[in-house]
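Here the working numbering is used: the first residue of the sequence shown is 4, the next is one more, and so on.
Please note: incorrect hints may appear among the correct ones.
Below, in silico cross-link-like pairs of lysine-lysine (DSS-like), each with a Cα-Cα straight-line distance of 30 Å or less [as the list claims (entries may be wrong)]: (1) LYS40 to LYS17; (2) LYS29 to LYS17; (3) LYS29 to LYS40.
Hints in this document: simulated from the structure, not taken from any laboratory.
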Amino acid sequence: MNLTDIRCGQCGRKLAAGRYIEISIKCPRCGALNHLKAVEPHNQNASERRKA
4 MNLTDIRCGQ CGRKLAAGRY IEISIKCPRC GALNHLKAVE PHNQNASERR
54 KA
């Protein structure tokens, strides 16, 4: 399982590591509200569908 680093867009501090569909997290260092949303949900069979 690959974990993605989730970093603050303002100061670059690492906030978390994991997989997400949608997340909103406030940076404790600079106070910026970071809202991240996946382009498409993670699906293990997605590569198989693209090949078809």
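These are the hints, each one checked on the structure:
{"no.": "1", "hint": "LYS40 to LYS17", "result": "holds (17 Å)"}
{"no.": "2", "hint": "LYS29 to LYS17", "result": "holds (11 Å)"}
{"no.": "3", "hint": "LYS29 to LYS40", "result": "holds (15 Å)"}
Checked against the numbered hints given earlier, this structure breaks none of them.
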